[in-house]
Structures are given as C-alpha cells and as structure tokens.
Amino acid sequence: MSDYLENNIQEVAAGQLAAILQNNGFNVKPQKNTADNIEVIEVSADKLVEVATFLKMNVDTHFDILFSVSGIDAGESLIAVYHLFSTQFKNNVILKVWLDRSQPEIASLSQVYSASNWHERETFDLLGIKFINHPDLKRILLPEEWIGHPLRKDYVMNDSRLVWNKR
Amino acid sequence: MQTQELKLNVGPQHPSTHGVLRLVMSLDGEIINDIEPVIGYLHRGMEKLAESRTYHQYLPMVDRVDYLSSFFNQESFCLAVESLAGLKVPKRAEYIRVITMEFNRIASHLMWLASFLLDLGATSPLFYAFREREDIYTLFEELTGARMMYNYYCFGGVKKDFPSGWMKKAQDLCKKMPKCFDEYEAIITNNPIFLRRTKDIGVLTKEMALDFGITGPNLRASGIDLDLRKTNSYSVYNELDFKTCLAENGDSFDRYIVRIDEMRESVKIIGQALEKIPGGTPEKLLVKKTNCGCKEESCPICGFDTKLTGKKIVPLAFKPPAGEAISQIESPRGITTCYIVSDGSPNPYRVRWRTPSFSNVQLLPELMKGKIYADLMAIFGSLDVVLPEVDR
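One line per chain: the protein sequences are A and B, in this order.
Going by the working numbering, the first residue of the first sequence is number 1, and it counts up by one from there.
Going by the working numbering, the first residue of the second sequence is number 1, and it counts up by one from there.
Hints may be right or wrong, so weigh each one.
Here are the simulated lysine-lysine pairs, DSBU-like style, with alpha carbons at most 30 Å apart [unchecked claim]:
1) B/K168 with B/K179
2) A/K138 with B/K91
3) B/K319 with B/K169
4) A/K32 with B/K311
5) B/K169 with B/K268
6) B/K179 with A/K90
7) A/K29 with B/K168
8) A/K153 with A/K47
If you're looking for bench data, these hints aren't it; they were derived computationally from the structure.
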C-alpha cells in the first residue's frame, strides 16, 4: 500500500472549486488533482448532501449531472467517490469521503440526483458501503444471498460457490 | 367488474431485451404501473479482475466491456493509463484511432438501427443495415485480424499500421455510405407506421435526462448540447470539422434522427481524418522516410508525429506512478469513463468503469410509468442499451 491513498499526505493549495466551497462556509479539504487535472475535494461524511446540493444549485458551479458513485478500499478506511459534471461549464469535480471501515455509513444522494440510486446500490453491493435514507438499498449485480463484498481487498476468494476455480 | 393488478415477468431470455435483462412488471390491463429491471446476469467482475492482472494483461479484456464498441473501451482505458504514466501519443496513431473509432460508431449505430426496427416489427431494415456493417467489419478484420474483439490499441499508440490498400478501401466506403443512409431514410423516416409508433412516445425531458445522468445521443435528442468530442476535446477531434447533432422533443423518433445524423457526421470525420493523417498512406510514408532518413524527432516525415507508438514500454516493468486518472470519452451510447487508481505496483489498485447503458436502464421505470405495454420495446429499443455494458 502506498501512502497515496492515506488521508493526510500533504497540504494542497485550494483549487477553484474548493475555494468557492470554502468561501461559502464549507469545511472542505482540497486533495491532489488527478493526472488529467480534475479537482479532487475531500468532504466530511455529514456534510456531503449539503455540499452536493450547493454544487448543484449554485450558479457559479451548477454541477447538474452525477456521473458515478463508486468506492475505493484504502486499507484502514473506505473511500466513497462521487464524480460530478456540469453541462453548463463542461467541467468535472471528484468528491471523496473517507469512511470508517468498521462502520461505513454515509447519507444517500438520491434526494439530490436520481442517478445515484443504482450507483449507490452497486457500491453497496461490491464494497459494502451503507447509504442511509436510500429508497431501496439491496444488491444489484450479485445474487441476494451472496456473502461478502468482492471489491474489498480482504474478500475471501475460496468461497464454496467458486470451487470450480481450483481445478 | 372486479379487476386486479397482474404481475408479469419478461426475460431474462427474451428476443427483444437485447441480451439478458429481466423486467418484473405490474400491469393494469395493458397499462404498465411499475417496472423493476433486474440486472446482473452478465456480471463478469471486470473491476475485480483488473486487480489481479497487470495493465497489459487487462488490456485485451477491456474489449469485452461492450462488445459492440470495443475500440471505445480500449481508447478509454488507454487514455487513462497514458495520463497516469505520462505517455505521449504520436499524431499518426491518434488519427488511426479516430478513424477506427468513428467506423466503430457507425457499426454500432447500424446494429442499433437494425435491432430497434426489428423490435418494432420491421424486418427488412436489418438486412440493409447489416450489409454496410459487414463492409465495416471486413475492413476491421483486415486491419486487426478480428471482427469484434480487436485488441488493437496499446499504451502510447496503436499496434500496427494500416495494411496496404486499406485507406483506399476506407475512402471508397466513405463515399458509398451516405447513399446507404439515404436508403434507410427512404424506407424508415417517412413510414407512417414507424412515425405512429415513435412520435411522442417515450418523451424524455431535459430535466429528467440530467437528473438520471443520461448522456450521449439520448441526451442530445432532448436538446442538451453535450458532445465531449466538441466540448472537452480529447485525441485529435479539435482538428476535425463536424457538428453536434441535436433534436428537440426527446421522443423515440428524435433519438432515431440524432443517431442517423451522427452516422453522417462520422463519415465526414473519417473522410477528413483519412486526408489529414500525418504521413499519408503507409506505402508513401515508407518511401518518404527512406528518402529523408534524417531520423530527427521534430522532422515531419520521419519524426515523432508519424510513429505508431511513442515510448517503447516493457510490459513486465510497466509501473505507472502512484496516483489516479480518469478518462472521459464519447462512446456511441454516451459517456464512458474509466477511473484508475494506481499505487505504483504493476497491477492497477482499482479500476472503475462508468458505462452509459447503466444509467439508461435505470431510466426505464420512470419512462414507462402509465404507458401501454406495446410501447415498451419502442421505448427500450430507442435507448440503445447493451447489456454486457450494464453488468460489466
């Protein structure tokens, strides 16, 4: 595990969007940009819905499309990743929320973006992040009775149903 | 008279679900009260498989995310890896990528056209559309050796140059194509049965489309000008002249019109790219290179621009630095993004595919509420869903 995924590597100067958020009283932490210069902003779990609503409604940001909700297993914590896009300004932003691995819970965005419904179900299915206030949180890709969450790094592959793997 | 709601199951094996999709419906007579799509029958765990493979081992599997537009998946993955590792792509390779991608877009739209009209009960457009699709696939077969799973791109370029005579054949096909599109339009566009089945059916409003994260031709049919090739240009699309195809109403008919227009634009793009490609045909390029022979990086004939790959990469030693990259491209069905997190090891730490069809299926219950059962396929078919892409 590199230290890249760990929470506090170094101080990064606030980008354009992080500055807008900070000026409006949100306590967000800018992260290192992606390799293709997309802003990454760290948000605390209890402020996510407020930040997303602000980014959607504010005339300077106007992020009207939620592209995807996904997650990363970063060892000690899980990271929920939200990818927003603005059709007006044609720019992207990535929101990251660090969650406690023993109790990964976060508020659902389904009240803000309808698109998040299935994406959150998928993240719950594959990574086991629970979305509070989600209208219908159940497995989507795997069968209902599946045990474990495959995209977690500690997922055990020698499940009895996968016994054909060891020919 | 006493009536009750009927639960009806459609699929998973049903001819017009385009793959393996199950729909659980509650019907009131012929009116659909609710639909619950059940997906996951084609889940292959693409994202998990990436964790146990190196970047080069994962590259051929990427084709299988969406089998109808393999080149786009490869482009999406290659773009992300290239920005992660800081690889530069030569101009000639970029042009080859654009030509193959746009041909692939036409082939994918033709497949959609054929199956959509088959859903509506028209059999003959299938034969017309597959005639041209066959021409395109023959070209691909000559170029890559495969008809559907090409595995042709590599990190920093493409694997080989056009075979001799390929560009002439491609140009001939480009000249032929618009006439074929006229032929489809003559059969379909003014057909009264087609019009009654699609006009004002399945209207997708702007607000709804944005709310559900719909992209691609479905979004443009609702009148929102979002084409990543124009707005957030990648590859060499900013050097080519084409227009974004838009419609206004967002019904099934508009989605059809937008796709037909897009095929015409794609033909234009290919024609320009074939003319503008640095170095010209491979035979002429070889002669020019032999005559020049200076081997300097900045030379327009034998320099970086006319190479096929940038830096040579040793697959075993390929370790992109720790970081993350996200690529966004305009695939035939919408915006495909590939999000890669690297921890500096030979295997990707996390690969995330965002595929447009996933959002399109999610929209279906919203579009179908209160409509009659006969419209189900006229609406679902027009959304252009490819099921392997939904499940990944």
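Hint check results:
no.	hint	verdict
1	B/K168 with B/K179	18 Å, holds
2	A/K138 with B/K91	47 Å, violated
3	B/K319 with B/K169	39 Å, violated
4	A/K32 with B/K311	26 Å, holds
5	B/K169 with B/K268	15 Å, holds
6	B/K179 with A/K90	35 Å, violated
7	A/K29 with B/K168	55 Å, violated
8	A/K153 with A/K47	27 Å, holds
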